[in-house]
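Note that the sequence shown covers residues 1 to 140 in our numbering.
Some clues are possibly wrong.
[Claimed, not checked] Pairs of lysine to aspartate or glutamate, EDC-like flavour, derived with a Cα cap of 20 Å:
| id | residue 1 | residue 2 |
| --- | --- | --- |
| 1 | K42 | D56 |
| 2 | K97 | E108 |
| 3 | K42 | E108 |
| 4 | K97 | D56 |
| 5 | K136 | D56 |
| 6 | K97 | E109 |
| 7 | K136 | D26 |
[Stated by the list, open to error] Pairwise CB distance ranges, derived in the manner of DEER restraints:
| id | residue 1 | residue 2 | range |
| --- | --- | --- | --- |
| 8 | A52 | D81 | 39 to 49 Å |
| 9 | R89 | R64 | 34 to 44 Å |
| 10 | D81 | G59 | 34 to 44 Å |
| 11 | T34 | G113 | 24 to 34 Å |
| 12 | Q92 | R43 | 27 to 37 Å |
| 13 | Q48 | N137 | 36 to 46 Å |
Please keep in mind that the hints were generated in silico from the structure rather than gathered at the bench.
Where is the CB? At the ideal position from N, CA and C, for every residue including glycine.
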Amino acid sequence: MMRVWAIAIAVAGAIAATTPALAQTDAEVSAAYTPLFDRCMKRGDAAQGVTAGMMDCLGSENTRQDARLNQAYKMVMGRLDASRKATLRGLQRSWLKERESTCHAAMEELGGGTASAIVYSNCFLDETIKRTLWLKNYRP
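With these hints in hand, go ahead and build the complete structure from the sequences.
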């Protein structure tokens, strides 16, 4: 099962690497994962490569990273004038669709199975982190 996890991560990384608009490095993305996620993945079912355990860890981390994304978005929006707010809002809506499409494509690359759910969730997580980093560095 650990082999499946390694394959899932490799596929998700390959897909994420093809998203030039965000251009964050793997090291930046990895550094943004919370210590809670790392501990979760090293314990219990997740550490044994059990899909349900890994999905629990990924789901919890996605919730934490989504909160970070929303905080960064609000921070940026708070310093923009009305015109630039509208522009960023449009960019954000487009990105949400792009994230969904990117991660769905990553999942379909595997052709189904339990690993595809892990790939999708991991992709979603990485894309969310990349966008948060992008927002933190956003300069209109």
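Which of the numbered hints above does this structure break? 3, 4, 5, 9
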